[in-house]
Structures are given as C-alpha cells and as structure tokens.
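*Asks:* So the sequences go chain by chain: A and B.
Taking this note's numbering, the leading residue of the first sequence gets 45, the next gets one more, and so forth.
Taking this note's numbering, the leading residue of the second sequence gets 24, the next gets one more, and so forth.
It is worth saying that the hints were derived from the structure and are not from the lab.
Be careful, since some hints might not be right.
Computed, partial: chain B to chain A, Cβ under 8 Å [said to hold, decoys possible]:
id	residue
1	97
2	239
3	245
Just so it is clear, CB atoms sit at the ideal spot from N, CA and C, and this is done for glycine as well.
Residues per chain, in single letters:
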Amino acid sequence: MHDVVRQLLAKHGSLPVSVDEIANNADLYDAGLSSFASVQLMLALEEHFDVEFPEHLLNRKSFSSIDAIAAAVSEIADDQAA
Amino acid sequence: MMEKPISFLDQLFEKRILHDSGVDGLYARSAQFEDVVSRFETFALTFGADEITESMMFPPGMPMADFETSGYMKSFPHLAGTVHAFCGCDSDHMGLLQCLAEGEDWTKNQKATQVALTPAACYPLYPILARRGVLPEDGAYVALQSYCFRHEPSKDPARMQMFRQREYVRVGTAEQTMAFRNTWKERGSVMMERLCLPHEVDVANDPFFGRGGRMMGVSQREQALKFEMLVPINSTEKPTACMSFNYHTDNFGKAWDIRLPDGNPAHTACVGFGLERITLALFRHHGLDVDAWPDEVRSALWG
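All chains, please: the whole structure from these sequences, using the hints.
*Replies:* Listed below in structure tokens is the structure:
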C-alpha cells in the first residue's frame, strides 16, 4: 500500500523534493504538498483503487502523511468491499 | 386565493431600481442605485485612507495569459468566462450570417482572444506588481475596483453574473497580510453597524468545482483562509456574503513571482466589498425609497 501511495504521490504531488526523501510519517504539507495537488492525488488514488473517498475523509488530515493516506485508503477499501 | 408574494427582484424591477435584460444576473442599474454604490465607495474609502499607497480601476477583462497564471481554471472552471471573437475571412462571414439567419449555432467558429473576463477584482493587480520587481520593505497596499464576471445565472438579485468588487489588497510578509486581514474584519463590522445592516462574520470557503473541490473547500475552512460578512438579502436562512476577508498565503506570490526584499515569495490578502450586494442589502433593509432611510444610514452615506 505504502509503495503505491508513494508512486502516486511522486506522479501527482508536484512536490519540490523527491518522494524517496520523505518518511512515511512526515508532514506532506510541510514538504510542499498544495491543496490542489492533494486533490489530484485523491482523484488518482480513487482511480487506482477503484474507490470513492467519502465526505468524512475529504480533509487535510487524510493527506497529511504517507501513513495517513495509506490508512484512509485501507479504511475505504475495507468499507466499500464489505 | 392568496396572492403570491412578489420577489425582491421583481420589486426592484417594479420600482425601476434595476432593469430586466431577459438574462438572469445581467441588469441595468438606475441612477439611484448607482448613487448608492458610489456613496458606499466613498464611505468605504474613509476607512484606512492613510494606509493606501495606490488606487487602480480595472476594465472588466484581464489578459488571458494572466488569467491562466491565476489558476482559476483549476478551481472554478464552471464560473469562468472568456472572450471570443470572429477572426475569419469573407466566406467565413457569409457562413456566420447564414447560421444566424437559420437560427443555427453561429458561435462555433469564434476564436479565443487575449482577453478573459475578470473573475475577481484583485487578479489583474498581481502581474502589474510582479513586473515592477522586488517589493519595497513595506510591501504594497492597493485600493482597486473592477467589474467581475461569474457564470452563475440566478433569480437572486444578489447573485449577478456581472458585478463590481471594491477591494483593498495587501501584499507583503505573512505578518503584514495577516494583520491587514484582522484589521479589516473588525472594520467591516464597524461599517455594517454604521449602515444599520444585520450582519455576522463567519469562516467560509470558495465554491470550488467538483468532488475535488469539496476537499479544497474543507481544507480552506480548516486553515481559516476565508471569512465572509453575511447579511440576509434574498433569504434569511442563507444570508449573502457582502464582504470577504481572504488570506491567499503565498499562492499568488508564487504564481506571479512577486518577491519580498529577502527573496521569498510575497504573501497576499484582500478584503472585497460586493458593491451591488451591499447596495441591495441597503435597499432590502431600509426600503426602496432612499429618502426614507434611517438618519444614521443617511448620515453615513450622504454625510
């Protein structure tokens, strides 16, 4: 999961630094993730995992770190598979 | 049978304060309406007059290239308007006239020009500041006004497609721009009190497009980047934003490369007054006859 998140983050995050330099728990907004890039990332995650982010996860916190994104996607995948 | 209550918009038409054009949100203004607009602008300029370093009036269009740089199409493609024009030859002209005569779509061959309709009054300012080079230590503090366009036809007179915003824009450090916005939040309430308008300030978000836009909106609220001065006009349940207090962080500084003396991108903030909205709020709350408005309001606007 973390690897896919990293791949998509590298492609859609428009980050000024390499994703390889970012720890799983590091703050992505501090690393330069813009609101717009986080939306692009969300849409890419939805397409890749064939899920839809519910309202309660459409916030800054869900995209604040690689760990947070992986947790959000896992939660959605579990819910939407159930 | 009860008669249906006449809408505020129809009352304005009936009293010839606004004139219908047949297109929702596109109205002619009466001399009386314009008089209130300009009196409000004069009133607004008495606040913070000694802080303003420069004033500008913009036409309703801005350069397409700057419109693209603004990122407006990322967030609000549904509201944007661009100017297209006929650029063809004689035979293209004949084809166009034939389409018109036959009631067909004559606009399909119109070509984009270098002009976009200005979506927000402060957008044309930033490229002008950027071209001047590095900002001075005390930044910039500009009073401006522009007609703006947003494609959202509505029967709510407070949601026009073409309307004017008067803005104060602060460009400088994060501290300068935040202080500016806090000062204006307080001034906005004082202004509304002097105009005897019911009001409240609330955190807000812009109407970003689509599902991604919902997240942008939540994020904007979480960061408290935008506040609005809400006044009931067409509805008490959904009051209208008559002023907004916006902190753009360094988004526009980065987009247009406006630099602080230390080399970092400038932060920007603006306070916007919806001139038609405030004028409509005055008519809504004080009546359609300006001579009968409360003394306190008349003294604020007529001096």
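*Asks:* It remains to establish, for every hint, whether it holds in the given structure.
*Replies:* Against the structure, the hints:
{"no.": "1", "hint": "97", "result": "holds, 6 Å"}
{"no.": "2", "hint": "239", "result": "holds, 5 Å"}
{"no.": "3", "hint": "245", "result": "holds, 5 Å"}
Comparing the model with each earlier hint shows no violations; every hint is respected.
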